[in-house]
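Enquirer: Chains as they are written, first to last, in the numbering used here: chain A, 1 to 235; chain B, 1 to 309.
If you're looking for bench data, these hints aren't it; they were derived computationally from the structure.
Cβ coordinates follow ideal geometry from the N, Cα and C atoms, glycine included.
Be aware that one or more of the hints could be misleading.
Said to hold, decoys possible - Pulled from the structure, derived: some chain A residues nowhere near chain B, Cβ distances all over 12 Å:
(1) 54
(2) 95
(3) 113
(4) 175
(5) 177
Unchecked claim - Coverage of chain A stretches by chain B, computed from C-beta distances (three or more under 8 Å per stretch; other residues unrestricted):
(6) 6 to 19
(7) 78 to 85
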Amino acid sequence: MRAVLLLAANFAREQRWPLFFLLLWVLGWALFGLVDPERGPEDALMIFRQLAVYSVTFGVFFGSSAIQADQRSRRVLAVLSKGISRQQYLLGLLAGMGLVLGIFCLCMGFTATWLLGRFGVHLASLWLGMLALWTACLLTASLTLAMSTFLPPLFSAIATGTFAGIPALLALRGDVVSKFVIPVYGLVEPLIASDFAPAWHARPLLLLLGWVEAAVFWIIASWIFSRRDLAVAAE
Amino acid sequence: MPPVLEYERIMKEYRSWTGRRRIRALEDFSLAVERGEIFGFLGPNGAGKSTAIHLAMGFMKPSAGKGRMLGKPFGHVATRRRIGFLAENVALYHRRAGAALRFYGGLSGLHGQALTRAATAAMQAVDMQAEVGRNLAQFSRGMVQRMGLAQALVNDPELLILDEPTSALDPAARVAVRELLLRCRDQGKTVFLSSHLLSEVELVCDRVAILSRGRVVRTGTLNDMLEITGQVEIVAEQVPLTLFAGAAMDGSRVRFLVRGNEQRRAIERVWATGGEVVSVNPVRRSLEELFLELTRDRTEDDRADRGVS
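This is chain B alone, in the form it adopts within the complex (with noise of 0.2 Å):
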């Protein structure tokens, strides 16, 4: 099955109006994202996410490569209402908020009942149903970020991209989106979420990638990607401290790490002196620390070296 979103050796220059000055957002970027996933875009602010996302949405063209949605080119404008977008910081004309779904549904291609069922369910899916009469002028940002969350959906699309849909949102409702999100995975539904709140991506993203000064450095699954090869950390009780090197208390518990191919033997060791294994678990690194390390080095340089004069 093809890609649902696929770049190709995308790069994307930008040019001051005498075109003298030129900024390099994205170089050789490729990227495919496949269906019925949730797919984590990462990277540091400058890197290029919204310019590859503005790119596939066909609000501006690549200065050379190319890519496809769901089949057909970036920018093609049937493919569309396929999807459901969000922006980052989004901004919705002031209307009421029934009356502005039904609007960007309208623009969607729908119409009569159908664009009602598709408005209402929109509305309850963000769970602002209570709010449809009040006019978007009044709400917080965070309703606001619902609410483009809202229109995104309201055309019940196959590929959900986002661009940092929970940065206004209260922790509850980061929780609502991210069941959300897992709900329209259940559905069938591509997620491409863009975010810096790696802890949430974490949560629900199947595959990442790691983006810094407009390449792609990491791509693959979170297990593949959070996993330190070989290490394994072991939590035992009632066994000395100094029977491993290295070894923690952890209350009455003692926690060690030890290869993978030493595990088996570490285990037995506990048992031959009495203890018990509480737990037996693959060393993992964050996220956090996943990001920053290949992130770090690149972000110090990072403006000053894309600006070529």
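Just chain A, with the same shape it has in the complex (with noise of 0.2 Å):
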């Protein structure tokens, strides 16, 4: 657990600098309620939804450039000759990505409840949309994960576009069951439709669901990858 863990904090400090600019998206739409506090929540309503949509865009991309990038500066090497499984390894990036993408979301719900808070948006609501979102955005970054086992960056997010945007297509349609198979969208639906009621139900079941299904992916991407050939070719 310790050099899960420790590879998680790595991942995290590794990828320092895209969180950073990450969160001068908040921080500007932070200042944007600071500059004209008086307008309506439509405008910062607008970029919230934004940044919702993003925020499970850089799932995919960590997702799928984590692997890659070890493999191509040949740091694998060092790690993965210490006493860590493939396993271990992976679910460490899964966490890295988890703890990026937490404080993200983190950033964003303070954010949100400043700004959004004193037009009478349910706050308990929110924060329970923003643990929708992370779970989201986890979901996407562990089925890129496994993607990236066996694809180049590029593929793996088309494929996980594909895996994930399905359901959603035909969600949108009113198909009821298509929100719980991969339910990225089913999670983030709420707040692209900025939609705080209190009484949404269905959203603790899909926050089960989606910690199992990033839970399942990660145990795909392991069995795949303790399954290939670390191809490093010396430079």
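Quick one: dock chain against chain with the hints and give me the complex.
Expert: So this is what it looks like as structure tokens:
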């Protein structure tokens, strides 16, 4: 477990500059509220929706590039030469992604509380929504990580888009069951719709499903990755 | 005592994505490294050295055959905690040197005071203690290689597997690494050393294996491998140049070769003519000569033959 935490902290450290720029967006959003506090919630909500969608995209970005970056730079050799398994290595990467995306969602949540709270948004629902958003990010990252064990980064991102996008499209057309198959859309939907209603009962089940599916994709990723040769050519 | 590192008839084949193009990197590859020795692993580029090392570390799986490291099958996770590994062209995460070593030590299962002590000792072993606060991104390639060596040593390994550990080092640092390897052997550690620097291998290794086209073409102690059977070089003073056929002047001395069984008679002839024997040494060829002899014929048509369409 200690090795996993070390790897997670290391991943977050390696991604500190992308995280910094992501947080600048949140800061920009906060400044928007400072500059014009009298403006109605519509503009703030629009940026909030954008950030929610972007954060899921960041999950794809981190998930698709993590293994490749370590492998291309050959840093993976020094890591996997230690007493850690490939499962632990992938769990460390995933936990690191969860940490980075968690920091982003947390900052977004605090800013949303300040900006949207004054317009009467139900805060408990907002924070549940942020937890759902973080879960969606983690699920997307886990799915992309699984894809990236056998596909190059671009293709793994496309594959993730396809696997998560098809159920979303079906759900948009009214198919209720599709919301539960890779429930990225189902988790983010209340935030995109800015529906912070207190009685959104389906979310806890979706949250649970999101975590379970993220774990399943990690298991699949580990199974594939532990069977693959680490082809690392000396430069 | 079982070997520390053992390859048994291993074959490794790389396949293209479609599976139509195949390259055989290792074929019928067998090798045993004994405890407490420094074992040199030599071969031209593309001979399969790094493949063999990566198989042992569990980075890839053999297509056929098997191997054991410290008594466990290749890739055994817990066993890797007893191994120190330095990859060719080592790459490490860019953080402060001290923090980087603590990170790699932590991955080896060390923590607390033990980790601090181990990291300090490893930094001292590679003479990098003055750089502990500097970021690896600011290091030269040679310094990164020394840090790579430090991360390999941080867990006090029983077996060190080093792939080109001195390729980026200056002469002084190379001497320091040689001394470090000898100290490791004195402490009972085993060193498996892959290197292109034959002079260094000659200086530190107890045994070597020469690899060519994925096969071991020669294994043995350096003494056995480098000695040309039966010939002895005698250097003498105050003897006429014409006394022995093929003799050559070397300053005021005369240098000549005789067969081992004629050595005694030759020395007595020197004495009989009033001369003095300065030295008598078995003739050895250099490791470089042996290496070229064993790999030259194979290197020419090497890759073309190994790519099987």
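Enquirer: Run through the hints listed earlier and report the numbers of any the structure violates, in increasing order.
Expert: none
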